[in-house]
Every structure is written in C-alpha cells, then in structure tokens.
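Protein chains in written order, with my numbering: chain C, 49 to 323; chain B, 49 to 323.
There could be a bad hint or two in this list.
Copies of the same chain are indistinguishable here, so a pair counts whether it falls within one copy or spans any two.
Unchecked claim - In silico lysine-lysine, DSBU-like type, Cα no more than 35 Å apart, as pairs:
no., residue 1, residue 2
1, LYS111, LYS170
2, LYS282, LYS158
3, LYS112, LYS293
4, LYS115, LYS170
5, LYS210, LYS111
6, LYS170, LYS100
7, LYS158, LYS210
8, LYS112, LYS320
9, LYS249, LYS210
10, LYS158, LYS293
11, LYS216, LYS115
12, LYS115, LYS135
Keep in mind that the hints were calculated from the coordinates and are not lab data.
2 protein chains.
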Amino acid sequence: MTAQAIGYIDSGIGGITVAREALRQLPHEVVYYVGDTARMPYGPRPKEEVLKYTWELVDFLVKKDIKMLVIACNTATAAALPDLRAKLDIPVIGVIAPGVRGAFRATHNKKIGVIATAGTVKSQAYANALRHKDNSVSVSQLACPEFVEIVEANQSDSVTSKQVIADKLTYFADKDIDTLVLGCTHFPLLDTTITNVMGEKVTLVNSGAVAIENVSAMLDELNISNTNPIDRSKDEYYTTGDVAKFHTLASRWLQNDNLNVRHLTITTTGLKLED
Amino acid sequence: MTAQAIGYIDSGIGGITVAREALRQLPHEVVYYVGDTARMPYGPRPKEEVLKYTWELVDFLVKKDIKMLVIACNTATAAALPDLRAKLDIPVIGVIAPGVRGAFRATHNKKIGVIATAGTVKSQAYANALRHKDNSVSVSQLACPEFVEIVEANQSDSVTSKQVIADKLTYFADKDIDTLVLGCTHFPLLDTTITNVMGEKVTLVNSGAVAIENVSAMLDELNISNTNPIDRSKDEYYTTGDVAKFHTLASRWLQNDNLNVRHLTITTTGLKLED
Numbered sequence: 049m050t051a052q053a054i055g056y057i058d059s060g061i062g063g064i065t066v067a068r069e070a071l072r073q074l075p076h077e078v079v080y081y082v083g084d085t086a087r088m089p090y091g092p093r094p095k096e097e098v099l100k101y102t103w104e105l106v107d108f109l110v111k112k113d114i115k116m117l118v119i120a121c122n123t124a125t126a127a128a129l130p131d132l133r134a135k136l137d138i139p140v141i142g143v144i145a146p147g148v149r150g151a152f153r154a155t156h157n158k159k160i161g162v163i164a165t166a167g168t169v170k171s172q173a174y175a176n177a178l179r180h181k182d183n184s185v186s187v188s189q190l191a192c193p194e195f196v197e198i199v200e201a202n203q204s205d206s207v208t209s210k211q212v213i214a215d216k217l218t219y220f221a222d223k224d225i226d227t228l229v230l231g232c233t234h235f236p237l238l239d240t241t242i243t244n245v246m247g248e249k250v251t252l253v254n255s256g257a258v259a260i261e262n263v264s265a266m267l268d269e270l271n272i273s274n275t276n277p278i279d280r281s282k283d284e285y286y287t288t289g290d291v292a293k294f295h296t297l298a299s300r301w302l303q304n305d306n307l308n309v310r311h312l313t314i315t316t317t318g319l320k321l322e323d
Numbered sequence: 049m050t051a052q053a054i055g056y057i058d059s060g061i062g063g064i065t066v067a068r069e070a071l072r073q074l075p076h077e078v079v080y081y082v083g084d085t086a087r088m089p090y091g092p093r094p095k096e097e098v099l100k101y102t103w104e105l106v107d108f109l110v111k112k113d114i115k116m117l118v119i120a121c122n123t124a125t126a127a128a129l130p131d132l133r134a135k136l137d138i139p140v141i142g143v144i145a146p147g148v149r150g151a152f153r154a155t156h157n158k159k160i161g162v163i164a165t166a167g168t169v170k171s172q173a174y175a176n177a178l179r180h181k182d183n184s185v186s187v188s189q190l191a192c193p194e195f196v197e198i199v200e201a202n203q204s205d206s207v208t209s210k211q212v213i214a215d216k217l218t219y220f221a222d223k224d225i226d227t228l229v230l231g232c233t234h235f236p237l238l239d240t241t242i243t244n245v246m247g248e249k250v251t252l253v254n255s256g257a258v259a260i261e262n263v264s265a266m267l268d269e270l271n272i273s274n275t276n277p278i279d280r281s282k283d284e285y286y287t288t289g290d291v292a293k294f295h296t297l298a299s300r301w302l303q304n305d306n307l308n309v310r311h312l313t314i315t316t317t318g319l320k321l322e323d
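Produce the complete structure using the sequences and hints provided.
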C-alpha cells in the first residue's frame, strides 16, 4: 500500500498549490491530480452540483487505487467532505480544518480574516470551525471570486490584477486582523501581492500547506508512508479542460516542464480518459 | 467525552511550553499536566528508566480519565511512544513526528538542524524520521543539555546563559541550515536568544506548537472537541518536585498567577497525591 499514489482533486488548477506543497514536504509520495477545469469555478455553483462533480473526480481516482484523498479545493471541501468521509474507505483530508488549525497557530490577537470563494464564504465553514475551537475569536470573511479568475487567466503579475487585489483587501483595513487565511487554493499564487497589501504584521495561512502536514501525520499514524525515493515521472495530472493551458500553468507553478497531463472527457457515466 | 481533559506529561517543566500552545490554540480544552521535576532531566537516563518513569506519569493521568495524552517531552517520546500507543486506548501524541513535519513545512534547502537532549540525539529519532520522509535531507544534530539546565534554573535571560547558547550554536556556523528544530520542549523559552544567534534566515520549529495542531486535528477526526468555553480554574498541574518553584516558573511562562499546582509523591506503587 505504501507505494500507492495520493489523490488530489480540485475544481481547476488552484489545487496545484497543494500538490506543490506535497512535492516539497512529501517527496517520496506519488501525486495523482484531477482538475475539473471545464466546469470551474465551483464557487458560485449550488452545493448539490459541487457534490455531484466532486464525486465524479473522486470516482476516477478511486479506480486508480489511491491510498489517500486530498480535496485540494475549499468549495468542494465545504460541500462534500462529510459525504466523502462517510462513503470512502480511505482517509480523506480537506483544506478547511487545516486552515483553521493553521490560523490558531498563527494568531495572537484572535482577529482572523478569511478570503475565499462566494460558495465557501456562504457555507460559513471557516467561521463555524473557527468559533467551534474558540468562541472568543473574531472572524472577518470576504468573498474574492475575482482572485480565482486572475489566477486561472495567468494574470497574477499584471498591474491591473494587483490593483484589483489591493482594492478588494481594503475591506480589512479597519478589522485589526493579525492572520489572514487563504481560504481558496488559488490564493497562495497571489501571496506576494497579498503580503504587500496586508503588510508584514499579518500572517498568511496557506491552508494547503497545513493540509499536507495533516496528510503527513495521517501517513505516520497509519504507517503507510512510502520510504523509497521515487521518480517524478510516476505523477499523473488530469484535466477536464484544455490540456495545453493546464500544462503551461502547472509546469510554471511546479517548476517542472515534464508534467504528464492528460485530458478527461465528461460523460453521463463519469470521467473518461481519451484513448 | 468532549469535556474530559487532555493530559500532558513531561520530565519537568519544559512541557509547559506545549501546554502554553494548547491554552492558546485550544482554549476550550482542559489541561492536566504532570511534570516529573524530581527526576529531571530524563535526557541522560537509560531508555528503560525513561520508559518506567513515563508510565508512572501516564498511569496517574489515565486514572483521571483523560481523553487524549500528549507526551510533551522529546526524550520520553523517543523512549516510550510506541509502547504507550500499543497499550493505551486513548490517542497518544508525541512531539517528534510533529517536529519533523514542521521542519518539512519550513525548509526550502533541505538542510535541517536539530537541537535536543543527549538522549534524543542518541536515539536518532529525529534523523531517522526526517530521512524516512525525504532521504535527500541533510540533518545536523547537536545535544544541548546545558540549555535544559538554564531553563530549569530560570536563567534564560542571564548574560552568561546567552553566551553559553551562542558558543554552543557555533556548531551550525558551517552547516548552511535554513531550519532548526527545537527538539526539546524547554527550548522555545530560549527562542529569542536562539533567533539572535542563528539569524532571521533560519526558521525555528517549535515541535510543541505543531504537536498541538496535531492534537487539534485528532480532536476533529474523532469529533471529541469541547465546543464550550471553560473556566481555566479546571486546569490541574502536578509536580513530583518543589511546588513553589514549579508554580513560579509555570505562572510566569503561562502568564497566570492562579495556577492550581499540587505535589505528587513518588512511591513504589506509583505517584500519589498528597492529602
């Protein structure tokens, strides 16, 4: 079992930031990644639809015999985690609970900001989980769907994008937060701009990075770590959208031009690999 | 079960840094702490002796119906974690695996330093666990038993102590590490001095802080978090050594003068509470 891959699913390409953390923190573990780029963003979709799409991604990976599943997408975590946990017999790690734990490790004044998609904010998943662990915490949430579009359009470094981000984050100007949870896996790709806007005194929490610590802990507990070094050519990436575009963005973010990216077709009986 | 306390054990008072993280990150959880100050330090003792003493601390807490056990001591974790996990029916969290995970989250150049007691270094627990997750990692270990004595003697801020720490850490001068694991729970109390010596480019990993993230994850997974705020007067602290000295140090470190500290007598049939 130790040599089996760990599966990652996302609504698109944002979850690559979580895979990037996995490659860095767990270099002995094989990565299988599925991004539903054709149907992204999940943020504005009804919960039932997100749940259905998420299961399609998961079903594809489960057939490939993964040993653990990471929902590398906050929207899908909020919509589907309990259902996936109840029905799968492998461990399932989301990104929201790790983001919450990372926030408590970082904060000292207990004033925490959360930026996320509209769906994640509406679900109140972060706010509820934060208050569950500490009812004295002050939580300020802001939906930033524009940030997802900026990343997916590969416009992270444009002047216009930086202005959009700066304008949006003025919401936090009077909130006195010392910690900002990046509650969408796309957002670590904007961390330099966000840090410049928020200032050095605000700690950014990359929930994907904490999620990978959580995966690492689970591998330890279940004693299913792969102890042998692996060839990264074993990693497999899949997208329901444009392969070339996915390859361009993922290669850049993972600093690896030799990614093995293949297309999945959405059918009425699930996702199918092209011949 | 959710209202039950989480138990913390340590060879002395260093584990208070782990309790401090628990109070900060998990303010709804009751703390029971036992420090074996009369027999500290554990670092130089044979493994069998550390195992025996650790079980005496654990037996006392298990009778008090704790819901989870944290071994807030690296030496005891190295000596006793597998045995405790095998024989107890509550979750047991050590500090070594979390320290390792925290190191991988922090490092970018994969050159990691570890400072610990002689016993922890000799056990190779950190070096083995680091290489288990990434065999390309470079690990430099240094036993710093003097640091424990400095903390227990409440001499953290003296000029002499600072010089001892600076001299000792010259060992890392040519190691090019970007991450230093504080592999003993006393050492976060010296973090300002250690940061001054090592420089801002070296990230210190407080393994106790990561361990509490791990406790938080386990509470989530088992659904045994206490969701109600608690009165801190429910916390209980025990020492086998001098109560007044323990009270002085722990009160200072936890910034709480109203700690409930009681003495435990070491007997041939285990630790007994004074009448």
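Outcome of the hint check:
no.: 1; hint: LYS111 to LYS170; verdict: within (32 Å within a copy, 44 Å between copies)
no.: 2; hint: LYS282 to LYS158; verdict: between (43 Å within a copy, 22 Å between copies)
no.: 3; hint: LYS112 to LYS293; verdict: within (24 Å within a copy, 59 Å between copies)
no.: 4; hint: LYS115 to LYS170; verdict: both (32 Å within a copy, 34 Å between copies)
no.: 5; hint: LYS210 to LYS111; verdict: neither (41 Å within a copy, 58 Å between copies)
no.: 6; hint: LYS170 to LYS100; verdict: within (19 Å within a copy, 52 Å between copies)
no.: 7; hint: LYS158 to LYS210; verdict: both (28 Å within a copy, 32 Å between copies)
no.: 8; hint: LYS112 to LYS320; verdict: within (12 Å within a copy, 55 Å between copies)
no.: 9; hint: LYS249 to LYS210; verdict: both (20 Å within a copy, 28 Å between copies)
no.: 10; hint: LYS158 to LYS293; verdict: between (40 Å within a copy, 31 Å between copies)
no.: 11; hint: LYS216 to LYS115; verdict: neither (40 Å within a copy, 44 Å between copies)
no.: 12; hint: LYS115 to LYS135; verdict: both (15 Å within a copy, 27 Å between copies)
Comparing the model with each earlier hint shows violations of hints 5 and 11; every other hint is respected.
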